[in-house]
Amino acid sequence: MHNKTITELAQSLRAKEFSSVELTQHFLNRVNQHADLNAFITVTEDLALQAAQAADARIAAGNAELLTGIPMAHKDIFCTQDVKTTCGSKMLDNFIAPYNATIVEKLNAVGAVNLGKLNMDEFAMGSSNETSFYGAVKNPWNKNAVSGGSSGGSAAAVAAQLAVCTTGSDTGGSIRQPAAFCGITGIKPTYGRVSRYGMIAYASSLDQGGSMARSAEDCAILLQAMAGFDAKDSTSVDVSVPDYCADLNKPLAGLKIGLPKEFFTADLNADMAATLETAINEYKKLGAEIKDVSMPNLKYAIPAYYVIASAECSSNLSRFDGVRFGYRCENPADLNDLYTRSRGEAFGKEVKRRILMGTYALSAGYYDAYYLKAQQVRRLISDDFKNALNEVDVIFSPVTPTPAFNIGEKIANPIEMYLADIYTIAINLAGLPAMSIPAGFINGLPVGLQVIGNYFDEARLLNVAHAYQNVTDWHKQSPSL
Amino acid sequence: MNTQWEVVIGLEIHAQLATKSKIFSGAATAYGAEPNTQACVISLGMPGVLPVLNEDAVRKAVVFGMAIEAEIAPYSVFARKNYFYPDLPKGYQISQFELPIVGNGHLDIEVDGETKRIGVTRAHLEEDAGKSLHENFHGSTGIDLNRAGTPLLEIVSEPDMRSAKEAVAYMRKIHDLVRYLKICDGNMQEGSFRCDANVSVRPKGQIEFGTRAEIKNINSFKFVEKAINHEVERQIEVIENGGRVVQETRLYDSDKDETRSMRSKEEANDYRYFPDPDLLPVFVSDELKAELKAALPELPEAKLLRFKTDYKLNDESATILTSSRDMADYFENVVKISGCESAICANWITGELSAALNRADLEISASPINTERFAGLVARIADDTISGKIGKQVFEFLWNGSESADEIIEAQGLRQITDTGAIEEIIDTILATNEKQAEQYRGGNEKMFGFFVGQVMKAMQGKGNPAEINKILKAKLA
Chain P
1 MHNKTITELA
11 QSLRAKEFSS
21 VELTQHFLNR
31 VNQHADLNAF
41 ITVTEDLALQ
51 AAQAADARIA
61 AGNAELLTGI
71 PMAHKDIFCT
81 QDVKTTCGSK
91 MLDNFIAPYN
101 ATIVEKLNAV
111 GAVNLGKLNM
121 DEFAMGSSNE
131 TSFYGAVKNP
141 WNKNAVSGGS
151 SGGSAAAVAA
161 QLAVCTTGSD
171 TGGSIRQPAA
181 FCGITGIKPT
191 YGRVSRYGMI
201 AYASSLDQGG
211 SMARSAEDCA
221 ILLQAMAGFD
231 AKDSTSVDVS
241 VPDYCADLNK
251 PLAGLKIGLP
261 KEFFTADLNA
271 DMAATLETAI
281 NEYKKLGAEI
291 KDVSMPNLKY
301 AIPAYYVIAS
311 AECSSNLSRF
321 DGVRFGYRCE
331 NPADLNDLYT
341 RSRGEAFGKE
351 VKRRILMGTY
361 ALSAGYYDAY
371 YLKAQQVRRL
381 ISDDFKNALN
391 EVDVIFSPVT
401 PTPAFNIGEK
411 IANPIEMYLA
421 DIYTIAINLA
431 GLPAMSIPAG
441 FINGLPVGLQ
451 VIGNYFDEAR
461 LLNVAHAYQN
471 VTDWHKQSPS
481 L
Chain X
1001 MNTQWEVVIG
1011 LEIHAQLATK
1021 SKIFSGAATA
1031 YGAEPNTQAC
1041 VISLGMPGVL
1051 PVLNEDAVRK
1061 AVVFGMAIEA
1071 EIAPYSVFAR
1081 KNYFYPDLPK
1091 GYQISQFELP
1101 IVGNGHLDIE
1111 VDGETKRIGV
1121 TRAHLEEDAG
1131 KSLHENFHGS
1141 TGIDLNRAGT
1151 PLLEIVSEPD
1161 MRSAKEAVAY
1171 MRKIHDLVRY
1181 LKICDGNMQE
1191 GSFRCDANVS
1201 VRPKGQIEFG
1211 TRAEIKNINS
1221 FKFVEKAINH
1231 EVERQIEVIE
1241 NGGRVVQETR
1251 LYDSDKDETR
1261 SMRSKEEAND
1271 YRYFPDPDLL
1281 PVFVSDELKA
1291 ELKAALPELP
1301 EAKLLRFKTD
1311 YKLNDESATI
1321 LTSSRDMADY
1331 FENVVKISGC
1341 ESAICANWIT
1351 GELSAALNRA
1361 DLEISASPIN
1371 TERFAGLVAR
1381 IADDTISGKI
1391 GKQVFEFLWN
1401 GSESADEIIE
1411 AQGLRQITDT
1421 GAIEEIIDTI
1431 LATNEKQAEQ
1441 YRGGNEKMFG
1451 FFVGQVMKAM
1461 QGKGNPAEIN
1471 KILKAKLA
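As given, the protein sequences belong to chains P and X, one line each in that order. Be aware that the first sequence starts at 1, since it is given in my numbering, and climbs by one per residue. Be aware that the second sequence starts at 1001, since it is given in my numbering, and climbs by one per residue.
Derived from the structure by calculation, the hints contain no laboratory data. From a predicted model like this one, the values you see are computed outputs, not experimental measurements. Honestly, I wouldn't trust all of these hints.
Each computed SDA-like pair below joins lysine to any residue, with the alpha-carbon atoms no more than 25 Å apart [said to hold, decoys possible]:
no.: 1; chain 1: P; residue 1: 352; chain 2: X; residue 2: 1086
no.: 2; chain 1: X; residue 1: 1226; chain 2: X; residue 2: 1159
no.: 3; chain 1: P; residue 1: 352; chain 2: X; residue 2: 1277
no.: 4; chain 1: P; residue 1: 232; chain 2: X; residue 2: 1019
no.: 5; chain 1: P; residue 1: 261; chain 2: P; residue 2: 281
no.: 6; chain 1: P; residue 1: 232; chain 2: P; residue 2: 242
no.: 7; chain 1: X; residue 1: 1303; chain 2: X; residue 2: 1110
no.: 8; chain 1: P; residue 1: 373; chain 2: X; residue 2: 1281
no.: 9; chain 1: P; residue 1: 352; chain 2: X; residue 2: 1085
no.: 10; chain 1: P; residue 1: 386; chain 2: P; residue 2: 255
no.: 11; chain 1: P; residue 1: 373; chain 2: X; residue 2: 1077
no.: 12; chain 1: X; residue 1: 1081; chain 2: P; residue 2: 339
no.: 13; chain 1: P; residue 1: 16; chain 2: P; residue 2: 53
no.: 14; chain 1: X; residue 1: 1131; chain 2: X; residue 2: 1035
no.: 15; chain 1: X; residue 1: 1336; chain 2: X; residue 2: 1388
no.: 16; chain 1: P; residue 1: 232; chain 2: X; residue 2: 1030
no.: 17; chain 1: P; residue 1: 232; chain 2: X; residue 2: 1037
no.: 18; chain 1: X; residue 1: 1308; chain 2: X; residue 2: 1371
no.: 19; chain 1: P; residue 1: 84; chain 2: X; residue 2: 1036
no.: 20; chain 1: X; residue 1: 1081; chain 2: P; residue 2: 337
no.: 21; chain 1: P; residue 1: 256; chain 2: P; residue 2: 277
no.: 22; chain 1: X; residue 1: 1081; chain 2: P; residue 2: 327
no.: 23; chain 1: P; residue 1: 373; chain 2: X; residue 2: 1081
no.: 24; chain 1: X; residue 1: 1222; chain 2: X; residue 2: 1261
If you anchor each label on the Cβ, the simulated ranges turn out as follows [what the hints assert, rightly or not]:
no.: 25; chain 1: P; residue 1: 344; chain 2: X; residue 2: 1071; range: 44 to 52 Å
no.: 26; chain 1: P; residue 1: 333; chain 2: X; residue 2: 1366; range: 45 to 53 Å
no.: 27; chain 1: X; residue 1: 1037; chain 2: P; residue 2: 333; range: 28 to 36 Å
no.: 28; chain 1: P; residue 1: 344; chain 2: X; residue 2: 1083; range: 16 to 24 Å
no.: 29; chain 1: X; residue 1: 1132; chain 2: P; residue 2: 243; range: 49 to 57 Å
no.: 30; chain 1: P; residue 1: 444; chain 2: X; residue 2: 1074; range: 56 to 64 Å
We put the CB at the ideal spot given by N, CA and C, even for glycine.
Throw the hints in and build the complete structure from the sequences for me.
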């Protein structure tokens, strides 16, 4: 059952080959069986079976949608009413959300079955899932390797087929990088395409929810249910959502693909370069034209990102003060003690590091040199992408410099960890949509190809990814667990 | 000694905008609800929630800007002011910093018969914090977040005021204005209108400002005057004793009538302002400005001028009648309905009605006598159906009941007697029974005339037409 796509599962459910309850139980069994991967923080078994039962009734009544009865799971960054929502932090280990995130509400409405909440880097700050209070997620392809982050649980759960599809969020690569490391497909849509309401904020101007699954088609189906304007999110954009499945099979003849010369340099790992070249050759066979593009400001993306993201997070995480919800230290002596110990005891190292960096960057006397300058760099990077996308339809790049590294390998060296996001974070600064699609293996570990598109051009990205998946089977590989 | 010092004052007034819901959420803003019953997930700053701007707050801010002839920013930005406090749920207040919605404007005040123009630097939108409750929690502090997210307009003046009196006049003027515009209820007890005062002193003639102290959260006109005067004395004393005023935030204690230090500049927060990434910039279109301009009510000064010229009212009456929009509307309605001279309408409103409202502690909008019934009274006095004296009796009936003036006059038999025959008859009787007094009058004792008027009125139960009585009495006593 777990090898089927969403469309196939929907057909089987309608044909009564099995029920959603049976399907859900099957996935719950897999979740328990592979608990060692540490992909889930919370498994909501009873709620899932109830939802499956309701889905079966809806299917029988003939008003089901594609996702009705399909077992999926949410990254633990999305608030789920009456269910623990931790954001991977000790700070929220006791937090039961009193409301549903908009995307949770939307997926409930179509009858998707939520199996539980997925592990993630603490407050989405990390690239390896090692900053999670609940421990690192193991890569299903090699349990000594990291799953990537911050949506590490989301990627590992799909790769290990513990859920058909999962939600994720991406601030600097948090959907694409773990998707690449785990050999699955993931899409970070245009900033504003998916509501952020109920998605616990890390860096508000960069955060964007998206979908993760084995294939582009499944990503399209899940994204379809998540996307759209939300009056509760002022930054969501009121642009109509096209049918993401309608153009999946459009021929790619004449598609113009840009390769940023700043990304394809001699520094690129030789195996990675070879893998990507093979993928690019497939696209040539499909009729695409390849063109070099230049984006001279990409080199400033990492410092600009860490200033902006840290600045925003230093403010966003102020509400975790031990006063109204979340962790509170024992026997505070006074108000200052309450603040300092609650935050000191409940936030992990990486979160503290970013709060401190951001606080510094926003301080009087430093604001212009850091925050303002970073915003100017951001504009230059956006312009680079705009110019490039005037010449080409999509841009290709690596997702990561290397395949998944080992657990413990980089956690002690934050700068090295930050540099691993070099190919993904510029896209968040520009607010563009981008995907990671499985493109091969290096030493038994999957690697991804990044496809970047123009604003609100998700349908094209999905089409580009789907065409490739029609002629390759990287996305169909499964790890032996 | 004090005469050599010049006082410099600037005010930051916080006016709570009279919107139904909060500035960034749908939670209600009504005052006095049970603690935390008007605190939705957004007011509580729950993880994952996002602010959505209340358009009504923007409209009210723009209306205020227009009323003080200020620049309305076509593009303004919300920023986060970051600091930790238990009643500040998100750990930051959403406010406007570099780009406020209302720019340079001004307002004229009158002090001791002189008009002075006070500059308004800016007015910006922001959310209020909650309340910390220190009583009844056995040493702990209670937090009530009903007020968190209530829309405020912070109105910042130039340091243009030179005395506590001017500061009070300015604050009153703003208070009148926001109520005129119906953008704030002005209720100072409930904290809907409060101010911070920046106070400094400098030797007369010096161009540079002295070091200022900021007195926080003053919620009455009386306290503003007292707090400033006290602070001025304190600063002068510090300087004259060879000390230096330090830049700091001070709190006015109304019980002890003194200000005391809250925190110095060194202890002040670095608020780390930056544009709020959760909110888009606010665009005020020309269409919106035109719409609001067209709907702008006549402003107090224009109304005062019009009342003086169109209704030929004296300064005092015109000032009282334009002190609020409701009062002015009441007056104009009474004039219109009664069709009477404006002077008599003004007299009865500023006299009898205002006194009764004061006694009952009621606003004109809550007057038990509506304009129609009041106009009925004025009309009967104007057409001599009743005298002014009887008018006061009719007023009492109007105040305490629901009948019209005509019904009261009929039912109580208060109609004035103007029939000269009837008056003559009574005068003849009185002159006959008071021959001695008549002799005295004729002998030159003019005071006796009053005696006769009183006697006649008494005999006529106050219903005699005074003019007629005077005329006939004069003739008969000649």
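Do the hints match the structure? See the list:
1. A distance of roughly 21 Å separates the Cα atoms of residue 352 (chain P) and residue 1086 (chain X); the hinted pair therefore holds under the 25 Å criterion.
2. A C-alpha spacing of about 18 Å is found between residue 1226 (chain X) and residue 1159 (chain X), which places the hinted pair at or below 25 Å, so the restraint holds.
3. With a C-alpha separation of about 21 Å, the suggested pairing of residue 352 (chain P) with residue 1277 (chain X) holds against the 25 Å cut-off.
4. For the suggested pair residue 232 (chain P) and residue 1019 (chain X), the alpha carbons sit about 19 Å apart, so the restraint of at most 25 Å is met.
5. Taking the CA atoms of residue 261 (chain P) and residue 281 (chain P), the gap is about 17 Å. The hint holds against a cut of 25 Å.
6. At roughly 21 Å between alpha-carbon atoms, residue 232 (chain P) and residue 242 (chain P) fall within 25 Å of each other, so this suggested pair holds.
7. A distance of roughly 16 Å separates the Cα atoms of residue 1303 (chain X) and residue 1110 (chain X); the hinted pair therefore holds under the 25 Å criterion.
8. Pair hint residue 373 (chain P) plus residue 1281 (chain X) holds up; C-alpha atoms about 20 Å apart against a cutoff of 25 Å.
9. A hinted pair counts as satisfied when its Cα atoms are at most 25 Å apart, and residue 352 (chain P) with residue 1085 (chain X) qualifies at roughly 20 Å.
10. Restraint check for residue 386 (chain P) and residue 255 (chain P): satisfied, since their Cα atoms lie roughly 17 Å apart, inside the 25 Å limit.
11. Distance restraint check for residue 373 (chain P) and residue 1077 (chain X): the Cα-Cα separation of roughly 18 Å lies within the 25 Å cut-off, and the hinted pair is therefore satisfied.
12. Distance restraint check for residue 1081 (chain X) and residue 339 (chain P): the Cα-Cα separation of roughly 18 Å lies within the 25 Å cut-off, and the hinted pair is therefore satisfied.
13. Pair hint residue 16 (chain P) plus residue 53 (chain P) holds up; C-alpha atoms about 13 Å apart against a cutoff of 25 Å.
14. As the CA atoms of residue 1131 (chain X) and residue 1035 (chain X) are separated by approximately 9 Å, the hinted pair is consistent with the 25 Å bound.
15. Only pairs whose Cα atoms come within 25 Å are accepted, and residue 1336 (chain X) paired with residue 1388 (chain X) is accepted, the gap being roughly 20 Å.
16. For the hint linking residue 232 (chain P) to residue 1030 (chain X), the alpha-carbon distance of about 22 Å falls within 25 Å, and the restraint holds.
17. For the hint pairing residue 232 (chain P) with residue 1037 (chain X), the CA-to-CA distance comes to about 21 Å; that is within 25 Å, so the pair holds.
18. The straight-line distance between the Cα atoms of residue 1308 (chain X) and residue 1371 (chain X) is roughly 21 Å, inside the 25 Å bound, and the hint therefore holds.
19. For the proposed pair residue 84 (chain P) and residue 1036 (chain X), the alpha carbon gap of about 23 Å is at most 25 Å, so the pair holds.
20. The suggested pairing of residue 1081 (chain X) with residue 337 (chain P) holds, with an alpha-carbon distance near 22 Å, which does not exceed 25 Å.
21. Annotation: proposed proximity of residue 256 (chain P) to residue 277 (chain P) holds, straight-line Cα distance about 16 Å (limit 25 Å).
22. About 24 Å separates the Cα atoms of residue 1081 (chain X) and residue 327 (chain P), which keeps this hinted pair within 25 Å; it holds.
23. With a C-alpha separation of about 20 Å, the suggested pair residue 373 (chain P) and residue 1081 (chain X) falls inside the 25 Å cut-off, and the hint holds.
24. Distance hint between residue 1222 (chain X) and residue 1261 (chain X) is fulfilled; the C-alpha atoms sit about 21 Å from each other, no more than 25 Å.
25. At about 46 Å, the CB distance of residue 344 (chain P) to residue 1071 (chain X) agrees with the hint of 44 to 52 Å.
26. For the pair residue 333 (chain P) and residue 1366 (chain X), the beta carbons lie near 51 Å from each other, so the given range of 45 to 53 Å is met.
27. Between residue 1037 (chain X) and residue 333 (chain P) the beta carbon distance is about 31 Å. The supplied range of 28 to 36 Å therefore holds.
28. Roughly 18 Å separates the CB atoms of residue 344 (chain P) and residue 1083 (chain X), a value that falls within the hinted 16 to 24 Å.
29. Distance hint check for residue 1132 (chain X) and residue 243 (chain P): the Cβ-Cβ separation is about 53 Å, which falls inside the suggested range of 49 to 57 Å.
30. Between residue 444 (chain P) and residue 1074 (chain X) the beta carbon distance is about 59 Å. The supplied range of 56 to 64 Å therefore holds.
In summary, this structure violates none of the numbered hints.
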